[in-house]
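Residue-level listing of the chains:
Protein chains: 2
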Amino acid sequence: MLIKVLGAAAGGGYPQWNCNGRMSKRARFKEPGCLPRTQSSLTVSANGKDWVLLNASPDLRQQINETPELWPEADGPMRQSPIKAVVLTNGDVDHIIGLVNLREGQPFSLYASDRVLATINSNSVFNILNPEKVERIELAIDEPTALSGAGVDLGLTIEAFDVPGKVALYLEDASKGDNFGTEKGDTIGLKVTETATGKSFFYIPGCAAVDGPLAERIRGSELIFLDGTLYTDDEMLVQGLMPKTGARMGHISMSGPDGSVAALEPLDIKRKVFVHINNSNPTLDDNSPERKAVEKAGWEVGFDGMEVRL
Amino acid sequence: MLIKVLGAAAGGGYPQWNCNGRMSKRARFKEPGCLPRTQSSLTVSANGKDWVLLNASPDLRQQINETPELWPEADGPMRQSPIKAVVLTNGDVDHIIGLVNLREGQPFSLYASDRVLATINSNSVFNILNPEKVERIELAIDEPTALSGAGVDLGLTIEAFDVPGKVALYLEDASKGDNFGTEKGDTIGLKVTETATGKSFFYIPGCAAVDGPLAERIRGSELIFLDGTLYTDDEMLVQGLMPKTGARMGHISMSGPDGSVAALEPLDIKRKVFVHINNSNPTLDDNSPERKAVEKAGWEVGFDGMEVRL
Chain A
-16 MLIKVLGAAA GGGYPQWNCN GRMSKRARFK EPGCLPRTQS SLTVSANGKD WVLLNASPDL
44 RQQINETPEL WPEADGPMRQ SPIKAVVLTN GDVDHIIGLV NLREGQPFSL YASDRVLATI
104 NSNSVFNILN PEKVERIELA IDEPTALSGA GVDLGLTIEA FDVPGKVALY LEDASKGDNF
164 GTEKGDTIGL KVTETATGKS FFYIPGCAAV DGPLAERIRG SELIFLDGTL YTDDEMLVQG
224 LMPKTGARMG HISMSGPDGS VAALEPLDIK RKVFVHINNS NPTLDDNSPE RKAVEKAGWE
284 VGFDGMEVRL
Chain B
-16 MLIKVLGAAA GGGYPQWNCN GRMSKRARFK EPGCLPRTQS SLTVSANGKD WVLLNASPDL
44 RQQINETPEL WPEADGPMRQ SPIKAVVLTN GDVDHIIGLV NLREGQPFSL YASDRVLATI
104 NSNSVFNILN PEKVERIELA IDEPTALSGA GVDLGLTIEA FDVPGKVALY LEDASKGDNF
164 GTEKGDTIGL KVTETATGKS FFYIPGCAAV DGPLAERIRG SELIFLDGTL YTDDEMLVQG
224 LMPKTGARMG HISMSGPDGS VAALEPLDIK RKVFVHINNS NPTLDDNSPE RKAVEKAGWE
284 VGFDGMEVRL
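These protein sequence lines map, in sequence, to chains A and B. So the first sequence is numbered by this note's numbering: it starts at -16 and just counts up by one. So the second sequence is numbered by this note's numbering: it starts at -16 and just counts up by one.
No lab work stands behind these hints, which were simulated from the structure alone. Among the hints, erroneous ones may be present.
Identical copies look the same in the list; a pair holds intra-copy or inter-copy alike.
[Unchecked claim] DSSO-like cross-link-like pairs, simulated, lysine-lysine; straight-line CA separation at most 30 Å:
(1) Lys(-13) / Lys13
(2) Lys227 / Lys116
(3) Lys116 / Lys159
(4) Lys8 / Lys116
(5) Lys32 / Lys13
(6) Lys32 / Lys182
(7) Lys8 / Lys32
Using the sequences and the hints, build the whole thing.
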């Protein structure tokens, strides 16, 4: 099983278009050690030929251009793509808008929870994906689903599960109280298993907390890609960027007693990679003390083009 | 007045993600003379400081990253952008999806026809633009509109006018006959005038035909950016890419007796630039006979980063 990080940044990307924060500025002016990153997506393949996208970011066209594995075969038919399926983990624009790039009548399967499919179905722009060629499949929660697309068995099984989170920003309903109308299915994690070998990894790019059930689920696993939005819960306020905490946005922080580094420390996970990293997060700087701290704790900070073989 | 082409390609871009056509392949493998191009958008400024986007393509994040004029001022506030307004000419995904990149509470004005605004309003993903900070303004047709945004007078006046065209692909209604439910306001052209000097240019990236009224409107003008989707009406069929003609897609071709080169020849227009160029169009090859032919007829083939000062 081959996994590639297409985009390791959170919504807005790194740098963010309208951000003059210290970190965005350093990436914009190409300061060494501050590698730019596109928005949040992974791709995975069992056979190295047929690929599944995990989330479809607004930067997908650029990501495909930079990833030869996702190009049509040079001697293939006039219209062809190795992308046979897309699985969505929530309805955030940084995870769904890339779907519109998969236009032009190409067949593939689209998997998402009932809640996220309802959002796709209610936004007419996604009808650019020919409904006769792109099957929209509701993901069962806590049950294995064998992935297929364009008539191909992809050799991968996913298990979707609910994780603590928040409904997408543009769907927040302030009248519904503290959770803004969040329901089950709004934020899911994925366990991806290579059907032939049983090898598996977790992909959880949006996650508000590592609670008991989630800790037990991921304990002892081989590999996890986890929500690395913020380093500290209040860093966007402290940097003067935006008056929102990570908790308000539905994202766990890396540091602190309730952070992901502490939460995963006792869980005996072989390889831990942060993805969905916000442009305010100081671990994006290769040489920052925060980067050294997470690396010392056994974590890697994801980057575009990162490859992991399992 | 300074105009920059952010993206000169039509929907899908050049190369197109799933296309093995001769032209896409040559761009994908970086053949000399076949310069890749992102999707359809221009930007214009009267003062070189505040900018207006004409259409917002799915590639907007990449386009901003490659255009220093659109970066926040290096010594500006924490959140800032020179983009003060966006004007849409139709509801095609290649012209509207980039709006989602302008997230994060940045104020600007969004101008579009009643028909296109209705599409924006009915797709919840666009609520990622904070409705309290992004004013949605209905464009009057055949009347001048002075552009402003984020409290700034932009020194530009636009006149929107209906042109022959077709409703966006994902909104086509086959039950409504040959025109798929197309109505006035679905495809507009823009005359952009620098208020202080009266200098003006035309921007018409989608256009099915140059009819009498359109010909009279653009006659004698200084500069036009025109729909250059196809070179010949049936080139996508001939190349085996897709069973649709330009006419079916609502786009005039460059060549032929009803084509744009012939139609504009007698109109005494000083500078003529093709934009919204499809990846099947042989004029994308700098050295093709078709490129030589349109250049001989006084046309330029637009490219990303092209600058025009008026």
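Hints not upheld, ascending by number: Per hint list: zero violations.
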